[in-house]
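Chains as they are written, first to last, in UniProt numbering: chain E, 1 to 115; chain D, 1 to 1153.
Hints may be right or wrong, so weigh each one.
Away from chain E, derived, C-beta distances all over 10 angstroms, residues of chain D [to be verified]:
#  : residue
1  : R95
2  : D393
3  : S501
4  : H539
5  : I621
6  : T725
7  : S729
8  : I744
9  : T868
10 : V957
11 : W1063
For lysine-lysine, the following BS3-like pairs were computed, each having C-alpha atoms within a straight-line distance of at most 27 angstroms [stated by the list, open to error]:
#  : chain 1 : residue 1 : chain 2 : residue 2
12 : D       : K790      : D       : K820
13 : D       : K315      : D       : K340
14 : D       : K1141     : E       : K101
15 : D       : K343      : D       : K381
16 : D       : K1141     : E       : K95
17 : D       : K381      : D       : K409
I should point out that these hints are in silico values taken from the structure, not numbers from a laboratory.
Nothing here was measured: the structure is a model prediction, and the numbers come from that model.
Ideal Cβ placement from N, Cα and C applies to all residues, glycine included.
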Amino acid sequence: MSSELRYTANTQLEHLHARYTGTGHADLTKNYSRIFGFACNHLSSSAIAEVLTVKTLRSEWLTHQHRDTLSSIVGHPTLTSFLAIADGVSIARVKYDMTQKMLQPCGPPPKKDDD
Amino acid sequence: MSPPGSPRLIDSYTAPKEILQEFADLAEEENVDPFAETAKTRQIAARQSDYHNRRFDRVAVDSADAFQEGGSDEGGYKDAMRLARLEQEEARVRRAIEEKERQEREEGKMKMDLDKTPPAAEIQDVEMELAATKEFATPREQSGTKRKRRWDVPEPSDENADPNKVDTGEWSKEALEAAAPKKRRSRWDATPAETPGTETPKRSRWDQIPVVQDTPMVPIIMNTPGLSQDDKHNRYLTDEELDAILPATGYVIVTPPPGYAPMVQPRKLQSSSVTEVGGFYIQESSDAAAVAAAAGLAPELPTEIPGVGNLAFFKPEDAQYFAKIMKEEDETELSVEEMKERKIMRLLLKIKNGTPPVRKTALRQITDKAREFGAGPLFDKILPLLMERTLEDQERHLLVKVIDRVLYKLDDLVRPYVHKILVVIEPLLIDEDYYARVEGREIISNLSKAAGLAHMISTMRPDIDHADEYVRNTTARAFSVVASALGIPSLLPFLKAVCRSKKSWQARHTGIRIVQQIAIMMGCAVLPHLRNLVDCIAHGLSDEQQKVRTMTALGLAALAEAAAPYGIESFDNVLKPLWLGIRLHRGKGLAAFLKAIGFIIPLMDPEYASYYTKEVTVILIREFQTSDEEMKKIVLKVVKQCAATEGVTPAYIKHDILPDFFKSFWVRRMALDRRNYRQVVETTVELAQKAGVSEIVGRIVNELKDEAEPYRKMVMETITKVVATLGASDIDERLEVRLVDGIIYSFQEQTTEDQVMLDGFGTVVNALGIRVKPYLTQIVSTILWRLNNKSAKVRQQAADLTTRLAVVIKQCGEDQLLSKLGLVLFEQLGEEYPDTLGSIIAAEGAIANVVGMSQMNPPVKDLLPRMTPILRNRHEKVQEASINLIGRIADRGAEFVPAREWMRICFELLDLLKAHKKGIRRAAVNSFGYIAKSLGPQDVLSVLLTNLRVQERQSRVCSTVAIAIVAETCGPFTCIPAILNEYRTAELNVRTGCLKALSFVFEYVGPQSAYYCDSVVTMLEDALTDRDLVHRQTASTIVKHLALGVAGLGCEDSMLHLMNLVWPNCFETSPHVIGAVMDAIEAMRVTLGPGVLLSYVLQGLFHPARKVREVYWRVYNALYLGAADAMVPFYPDLGELSEGKNVYDRHPLQVFI
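Pulled out of the complex, with its shape left as it was, chain D reads as follows (with noise of 0.2 angstroms):
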């Protein structure tokens, strides 16, 4: 066929590689879950920090109930004190060894690998891949501990840290291995060296799902594509598929070379959540499915569970919890207990996973039913469930709720999980989250009340002085809690004894953070214990241990700070040692100690502040030079606090804190931080509240002509703060001319467009008013400039500042230059960016504010037409500055523009109707009043009564109020004949339309209703009497403004007619009717007066059925409220009902001359 020299033809033709591997990609990408992704940033231990994740690490205890009779001596206070005490000692020992290792290995006596015993061996290497699949797992939690903490908490790490140990690292290698695997050291699959059964069966590990309870990664790992052992596609394979798979023979099976750990053990962790099972519950045939599903074999998951019904969704990790109730059993076989277990778990899982109408009655059931289940069984379900690592917002919302609704029914029966609910609990009341904090504090705070004091004390004291940090600051939270649900005075007298505990530093530490925690939570309600909550804590600033005492200065300052601007008096004791301390004290230390100065000096008399301040400023002007961030922070806001109170001169300020405060602060590099920029701010405005205008920014002005910009920024924000707070009359000549030319030249200076340089321009000259005249002519030929600038933004700045400016250009009576800015603008109304083209319509608008529409350049004539096109753009910001300017227009100079132009922008305003914005709304509706007044109403209204016909509810709403306010400036009788002639219309939107319209004409004409009801009452019998529940609805409006309108003036004839109309309406159930209903009833008693009312309402008072009366009691209890005085003499008389001592005749009445 083919010559034998040219290429070989293909026999078929198939579709290019590209395209193949573009279909094979489609393919792929169809299996691909969009949603993994968001799914683990829901969850909430993924979003976590490390700190906040070592809630996972704690073990719950059984609290005995002491008032119990007979109580059992098991897991009661002294066991716990007892586990709390190994728990220390075992910390302790474990930083000994790490101690021990870092030295040996620092010194290089530590031979890599075959030198070590093989446990102590095996348990590195578990460890150090254990922290590599945590890392793996969160990775984002990496960067998490970097994460700025806020300063006044302690590094967790630090006070892990062994208290004479001198080096306080920060994240140091020993302090992290001290942080994630140090609870794990027990665990079946780490050391075999050790005993198997460390775990008393005290220990309880119920906080802990059973499955997973060894290996608490394992949830995570399943959940990250890639690395999912687990799944089906890439589970190692088996010995025994192996030996399927191969021949017997031929090869030899290698021993793996000693000292060889894989980096992710996998038939260790597959075995663990397969087999370890066991401990849960029997593995039968029946759940394998649901074995299966757990380990993620079964990609599906069901939505529908035997005696659940329906499921919004169901996670991998449900499956775990609820396999028990997955599966179909014979309920005859179960026992009593198993029974009810099960019921709990079909209910949580509803109140969990289930649609809200079935959680809603799944949650009142679980409540219902609280007393009956007990404690112990939903406890043990729901704990657990709340420590699972996937666990989401929306699920822990749902199960805190359930704890609360479940405690408040159980009440002193919850007294033996008090712990181990705390533990589950407390995690919350550190959260980011403000509302699970909220949370937290409920749930305790009933806890509290339902244990009572004395449990929740010995519940929680051992946890005082836990060896982990976390626990404590947890718990010293949760303390602050119990002390506001009880009161603080039943807490003082435990935390007294706590801040002077003599055996651990960490038990003062914990006292001193409940206090601060209380000043935190409770505010000003600590005034009345303010001085036993200072005593309790003061002696700690004196105490040896450096932690105890910057946490008492925490303490005080919380305290302070709470208790502002009383209770000075309860201070007196800590002043002395305070001002002391910051001569000792160098550092954190340092900090805390002035931070707590900074909030007592605001609460001093002025004579003792000023002396106070005095004393503390020679520190603080030492401290200007830190280099350390957190103090110079602190130095800022002490040096605040000092400006703002009485006792400060302002002599004393300019002479000696000035000169070093804008030394140290007032550099380029402050400018670069947000934190320290914003501090440095505020400051220096408060000093300006003290020592003047004219000196802060006589100092600073010279900066903005600085060559950094953020600088220039910092200085002209501060310029700004200051001129706006205390004026410009305190700025002379000289320094007027330096301001404003550093403002020019700043503004021009800027390459980035800030607001903060529009606002500062703009504050500056509207301070100097009429001073800024000679200067306007640059100013003004720098807009000009600018105005014709390429860049969009720059335009639309040059924009917004002529809006700024006109006020007082137009008070210099330079209107040449306005008219001139005036022309340019108009020139730039082409303008294609929407920001810009909205800032120069606005400028306009503010130039033809206060020129006047006559004297208008460009004029109004020129002006509109151009706007009319306008008006047809979208843009938000583009419409509302047209309607504003067009309603202006149409105000005060609609004479000047063509009646035909007016109609043409009618139309162009129905548009604006349907704008977003209330702003733009209202600003139509309001264009439309003064079009009509300026046209007349009939063209105008004809536009509005045909838009009631459109579909857009919003479009007719307006066009309603739009008609009602040309009645209103036009005079009704232009506008109700027309609006009765309209209603005759067949159309349903177009009645209502009107209905609506009249309403509002009623509403803002008022009184002048009078001469217009007669006219309307045939058409409010015809709508009063619709079919139509909206035409009732409405109708009831209109006779309620008509009512309210005519009250007293004389047509009681007509309004006891449309009352007759309405009063068969008070039955209607449909919230916005009865609401109109009764409104128009109300309206009534105004204009009827309550006799007329009175009279119907006794017809139904006592009427047999419930229904009824309750409606007429309503109406009894308006009419009661509104005129209880004007309806005694309408009372009937009932002297015939008097019996024996009880007389009920109204003698009084009855007496005539």
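With the rest of the complex left out, here is chain E (with noise of 0.2 angstroms):
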């Protein structure tokens, strides 16, 4: 691929996340295998930022998949009714939760660097 190419690729890119929300990109794992291989051996202060940095945007991924998975079980019914009688409490009260939920479904997310 040429330079003007790849150019015109992220700018589409750029313009797909805009729009949609949960699409992903291959820097969502940046330096992903150089971590895994330190962190068998030693954690220098930097690799420990790194993974960080690392768990950050992969936790972003995640998220998406937790957001998407809560969306659709309010989306379906059946999954609703399901899990409220499951839970022993009303579809309207898991739809509330599961709602409620999707602000942060796995919890606040992780910090980005260590300073």
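Please assemble the complex out of the two chains, which come individually in their own frames, going by the hints.
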């Protein structure tokens, strides 16, 4: 791919991200492999920072998955009623809980860097 | 040897004189530059009008940066204002002098030569001579002044003239003189009487090329063959040369008589172009070549410059600019500044003259280094280039682009150069070329964002009441751009002040014009500020200056036009003065007021509109009789606008407007001028919307028999438009008789076969429908008679008319007439003019359409064989008409024709697949389908498969489409085996063709492909594992169509197999291939479900290699967009990653009952 093509592809990607939440890109896993190797042996301070960064990015992807799951439950009446029966609460309560949970489905986002 | 009486024999034979002459001519021709003529038309300056070229007269000043700490006082606002004042005064004095001289001349006081004081005489001479050179150099511009000016742009000389002067003569002599050589008064070669140092250092003439500084005409003269005094062949001999040639004694050098001035002053001009160079750089021996090139002495120009490399072209003028980099220099001796200058010049030369890749890198470099170079050195080099007279569009575009990029980088560093940039860029705003205007706007908008509003205002303020109308005009436009860039509200206080300026009417005029330009440029975006803008200029309606009042009315018109249909409440204040004004004004002023009213009335509520229309109608009707063309056009426009408003009743129009309207505008004279013609037609059609068809048509129908053809045409066009929009139901029986009669008459009487008459005839007859039956015999006999006319045009028109009337004739039940027409047309198929032949075939097709194949006369079995040879005709119109007819026959009546004939046609059709027009190819491809349907697919298919072997790509592609269509019409089972068999051919083209055909087949047959997917899997295996990229691409396309076709039909096993074959291709980089592969994968998502795909994708989302990840994420994103919800159950369980507060378990999914 020539530099220009890559350039246009990136602008398209940005456009895509702006338009559709939940889409990802290759940098969600920046330096993942390097850290993978590092983590086994020794962890320098910079490596820890990088692990944290990776965690942020990966958690982003996972958070999207969770939100999708929750919205899917809210959107399918059969699933909602199934959960309502299992939990012994009303359907509206399940819907409300799920919607609330979508705010931070996996807890607070991990810190971006360690300063 | 020869007897004495006989003519003397020549001792050698030589070629006749004519032949020698011919060779000589040929040799001369070789030296002629065939592009010399066109080169001039490419130059912007040579093309533009005098008015546009007034940009060369402008003077720019440094604008001090008020925001700079301890900014220098030099060249600031004060100076600019003082300079402007000075120029105004200068212009005034000049006008006074000229006026006086004119008067004297008129009174006959002036004796021609000797009476005058020497300096004045010299001025006069030089000016005349310069005017003469200018005329000679730009002969086209003479006619250019005659060009129609936009009516609302006041005439420049008009504006320029003394406001107190009653006589606003158009292009009178003094106006011309004032326009052209005005600025050259202070020139060194013109007025020795004046002090040579008139140019103060502040008036830096940066905007002109130093070399040609004082003689801007020179470059053009140099380019004009025949007048090139600088050319080495016909330059004048110098005194030294003459001394060398002539003996020293024996003659006397005569002094020229007193008062003699040569028509062209060769010596002076030449010396200026060479020795004046001294002001620009120090002439050294090493760049003598450059100077020589500049002077046109050295014929060949370099295309390779040290440090620049190869250039696309190089003009003599470039040699002047870039002389410094033309020679080799020792870089160590140069100062940093000089190095920088040379660097900039090299980059600019690359950008201006380089090939695209060179240009691109240079542009990037100059942008990146812009801040490093600094605004000063950059603009000192760029701007003079833009003022070059021999500039061409492409060069200008590139230089403007440089400015744009550089501006962006320099940001507020640009402040001191704002005025200089404006002087160069403003002319772009009034360029004829749309893109130049857009570029100009872009630059000024960026400039104002970089420099800030305050600085822009202080820079442009002096130009607002500049003496030159041209400067004011462009400044107003530039201001409107500033307003759109920085927002109208921020500029409003300034505009208010300017529009109320007490000091000069020019300032008020320009202020109001700014508002007008804002409205024109911003359109409905003025709505939020409409009231403010209207209030800003409202008082101008009662200004003491006529021009200001006119401009105010035009401004209001523009505002109302931009605001339509909203914002009437903002115009409350101006309604009264406007409506009073139309009673007070005459001529141009009245026209402007009427224009404003015309645009305001449509905004009003119905009852107000009605009232105000009645008020203005009196004046309008009075002006109906005007002899002024512009006024006529305005009046027509206003009538149209009034008639279109809701509040104006039909009765009012009928009683009060129509009688006078028809009396003054429906006269023969109006048909002669194209623009009047159109305006009258439009207005009448608009009136018809209110008054009704019969009212209007009844008034003009008799004119269809007028003796003037243009007038008949105008009537016909109006009737056509009225009937087309409103129908013919309103037309009563008597009118119908007159109408049809008139139409037939005017159709027969036309001398030039015109589309208008044809359209009119067709529209009216179709609108009348069944009512036209009594006249049909007459009409058809007219057509028949004209079909046998001598002129091909007449025959063509008759055939075209048949096409339009066929439906109506059938409606009226006149089948015999149709069959008679059909027969006559059939006999005419031998027509030799292709245009006419095309029309005849189309007419035959139209008849066949309405009559039906079984009733068709001539019978289809006779008609079709007659068409076969015509298919070979290469003319587009003929091809299209015949393929349409044949397709129709194949579709509806294939059984009437023997199979052998159809096969013949099949072979002819193959040629049509090469046609340029898409419609023809599509019709041909469809015809294959129809033919295959009636004949059975085998024969047609074998023809098409054989055609896959031909060379032309287009033909092959069309064949594949045709195969697919045959497969669709006859069932895929008839074709797929044949295609699979053909795929085994060793030829690449054939295999690709087969794949392509299959891809179309599966695209067309859709869900039916479920029956065939197992049969093609082996072939697809082969294709998807082929080395050839195109094979895999086409196979991916097949997979896509197949997968989409069989979704949900239980073919998942074979689809999964194909998926495994497609998937490795996802790393392809060629755009088409990767596109096809991604499409196939998308289609797989539909068939196999996103879960399966997700399991493929998860493998690579976190791959260590970025290139891999990029591709996988792309697929993931596509998946996510297509089926985010369906992927929820398939996401991997990542609960083990949870730590602390972050829990990644998806608990709701783990619930069970």
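Straight-line alpha-carbon gap D/K1141 to E/K101, limit 27 angstroms: Distance of about 14 angstroms is within 27 angstroms: holds.
Beyond 10 angstroms from every chain E Cβ - status for D/I621: Label holds. Min Cβ-Cβ 59 angstroms, cutoff 10 angstroms.
Non-interface claim for D/T868, where every Cβ of chain E lies beyond 10 angstroms: Label holds. Min Cβ-Cβ 50 angstroms, cutoff 10 angstroms.
Given hint D/K820 paired with D/K790 - CA-CA distance at most 27 angstroms: It holds: about 20 angstroms lies between the C-alpha atoms, which stays within 27 angstroms.
10 angstroms cut-off, C-beta based - D/D393 kept clear of every residue in chain E: Given a closest Cβ separation of 26 angstroms, the condition holds.
Interface-negative label, D/T725 against chain E, beta-carbon threshold 10 angstroms: At roughly 43 angstroms from the nearest Cβ of chain E, D/T725 sits farther out than 10 angstroms, so the non-interface label holds.
Pair hint outcome, D/K1141 versus E/K95 [Cα-Cα no greater than 27 angstroms]: Cα-Cα ~23 angstroms, so holds.
Exclusion check [D/R95 not at the chain E interface, CB over 10 angstroms]: Answer for D/R95: holds, closest chain E Cβ roughly 58 angstroms.
Minimum Cβ distance from D/S501 to chain E greater than 10 angstroms, as the annotation requires: 48 angstroms, holds
Pair hint outcome, D/K315 versus D/K340 [Cα-Cα no greater than 27 angstroms]: 24 angstroms, holds
Least C-beta distance from D/I744 to chain E larger than 10 angstroms: 62 angstroms, holds
Distal placement of D/W1063 relative to chain E, Cβ over 10 angstroms: 18 angstroms, holds
The structure is consistent with each of the numbered hints, conforming to all of them.
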